[in-house]
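Chemist: What follows is the residue order along each chain.
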Amino acid sequence: MQKLNIDEVKPSMVLAATVKDKDGNILFLKGVELTERHIIILNNRDIKKVVVEGCPVKRETGADEGSFKEIDRRFSTAGSHPMVLKIRDIIKELLI
Amino acid sequence: MQTNAHSSIKNRLFNIRDLPTIPAIHSRILKIMEDINYSVDDVSKHIEKDQVLSSKVLKLVNSPFYGLYSDVATVRRAVILLGSNLIRGIILSTSLFDVADKTLPGLWDHSYCCSTVAGFLAKRFNLITIEEIMTGALLHDIGKVLIKKQLPEESRKIDEAVKSNGITGLDAERMVIDITHDDVGLWLAETWNLPGIIRDIIAYHHKPGMCSGHARETAIVHLSDIIVQGIGIFYNGDPFVCPLDDAGWNILSLSESDLVDIIVEVMDIIQADKTFFRYIYGGKDGK
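Line by line, the protein sequences give chains L and U.
Position 94 (the first sequence) corresponds to 93 in numbering that gives the first Met the number 0; numbering is contiguous.
Position 147 (the second sequence) corresponds to 146 in numbering that gives the first Met the number 0; numbering is contiguous.
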């Protein structure tokens, strides 16, 4: 899962989170494979960022090892409930 | 811990004469709001006299989480939109957190963020108790303020225990004073005669599964607390995330996929709120 700026979004990427417009109306559900047409609509609706499956864009900057370690350290006391580990991983992935 | 030492700690904590004082203007407003038919004009007029209070009321109503109400510029309109419970919560927390801002840096931001995230979740679950949930979230850690104020020496030891043992504040409190901020907060909520739902949220925010009253509302604040702490918005002295309560999680019956949507949306909104810039873009963990 990776959060992308709209100009980084390319056809065939798959949405990992539901996209809503400013008023909270659902535009596209997660799991949708994006086409050129979808991307035009996203731009027209002034959507700035979307979350897609995988990690299709390699970045120079973004979250460094340090911030991942900080997150791991924060969650070191959170026990082993699968959902709390899931929360940790989602937060990490959204920072990449 | 010896019983004597423990009862002395309790005596010092729960000494009603030493309770944090609520400024005269705040208690005046609370008094007016006790009347169910209170006048919005009257309340707004008093809030406007207090700059800190006015700015907090306007900030909360204009929070991106509210979405609906863009650009609320007057206190009067904010009082109508936020409702009496939330206004009471803001007044009480402002009175207390003003003392705490210096001694517990980050705690107000953490509480404000929890309140907005809990409001967002309450909306998602279509709960009509959204106002009470947001108020409870705003006040959930109020016990920490009392511990800091009444037991400064022990409080320092609690922070040290967190740091040197890598344990949560909750465990450190148990270790050092054998009483935790949720119990302390409940006592404060009872003393102030806060509504039952807010008492439940304060008392059970670390163990919503044990709550026999407003378990769903409490579980929402529990989850908000974990997400907000995990993202990095917390009291500087305690960065650690508390365990997720399995029974509490089950009450919410969320799927893994719901969780992704929720956290994506929460992070979007947090990143759009100037208050949290320093936590997310500033130094690590807002220090």
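Worth flagging that the hints you see were computed from the coordinates, not collected in a lab.
Don't be surprised by glycine CBs; every beta carbon is placed ideally from N, CA and C.
Hints may be right or wrong, so weigh each one.
To be verified - Ranges between beta-carbon positions, derived for each pair: (1) U:A246 to L:S66: 43 to 51 Å; (2) U:A246 to L:D20: 46 to 54 Å; (3) L:S66 to U:F124: 28 to 36 Å; (4) L:R58 to U:S6: 27 to 35 Å; (5) L:L84 to U:D177: 26 to 34 Å; (6) U:E47 to L:G53: 22 to 30 Å.
What the hints assert, rightly or not - Distance condition first, Cα-Cα at most 20 Å in a straight line; then the derived SDA-like pairs of lysine to any residue: (7) L:K19 to U:N125; (8) L:K19 to U:E255; (9) U:K206 to L:A77; (10) L:K19 to U:K122; (11) L:K19 to L:N43; (12) L:K29 to U:E255; (13) U:K156 to L:T76; (14) L:K57 to L:V8; (15) L:K91 to L:T76; (16) L:K19 to L:N42; (17) L:K85 to U:S6; (18) L:K68 to U:K156.
Said to hold, decoys possible - Chain U regions said to be covered by chain L (calculated; three or more residues, Cβ under 8 Å): (19) 138–149; (20) 163–176; (21) 216–228; (22) 238–244.
Chemist: Evaluate each hint against the coordinates.
Modeler: We went through each hint and held it up to the structure:
1. U:A246 to L:S66: 43 to 51 Å: For S66 (chain L) against A246 (chain U), whose Cβ atoms are near 32 Å apart, the range 43 to 51 Å is violated.
2. U:A246 to L:D20: 46 to 54 Å: Violated: the Cβ-Cβ distance is about 36 Å, outside 46 to 54 Å.
3. L:S66 to U:F124: 28 to 36 Å: The hint (28 to 36 Å, Cβ to Cβ) holds, given that S66 (chain L) and F124 (chain U) are roughly 31 Å apart.
4. L:R58 to U:S6: 27 to 35 Å: violated (57 Å)
5. L:L84 to U:D177: 26 to 34 Å: holds (30 Å)
6. U:E47 to L:G53: 22 to 30 Å: violated (52 Å)
7. L:K19 to U:N125: holds (18 Å)
8. L:K19 to U:E255: holds (19 Å)
9. U:K206 to L:A77: holds (13 Å)
10. L:K19 to U:K122: Status holds; Cα separation ~15 Å.
11. L:K19 to L:N43: holds (13 Å)
12. L:K29 to U:E255: holds (13 Å)
13. U:K156 to L:T76: With a Cα-Cα distance of about 19 Å, the restraint between K156 (chain U) and T76 (chain L) holds, given a limit of 20 Å.
14. L:K57 to L:V8: Holds - the C-alpha atoms of V8 (chain L) and K57 (chain L) are around 13 Å apart, at most 20 Å.
15. L:K91 to L:T76: holds (17 Å)
16. L:K19 to L:N42: Roughly 13 Å between the alpha carbons, so the hint for K19 (chain L) and N42 (chain L) holds.
17. L:K85 to U:S6: Violated: K85 (chain L) and S6 (chain U) sit about 41 Å apart, past 20 Å.
18. L:K68 to U:K156: Since the Cα atoms of K68 (chain L) and K156 (chain U) sit roughly 26 Å apart, the hinted pair is violated (cutoff 20 Å).
19. 138–149: With 0 residues closer than 8 Å to chain L, the segment 138–149 of chain U misses the three-residue bar; violated.
20. 163–176: holds (count 4)
21. 216–228: That given contact holds, which follows from 3 residues of the segment 216–228 of chain U lying within Cβ reach (below 8 Å) of chain L.
22. 238–244: Coverage by chain L holds here, the residue count being 6 at a Cβ distance below 8 Å.
When held up to the earlier numbered hints, the structure conflicts with 1, 2, 4, 6, 17, 18, 19 and fits the remainder.
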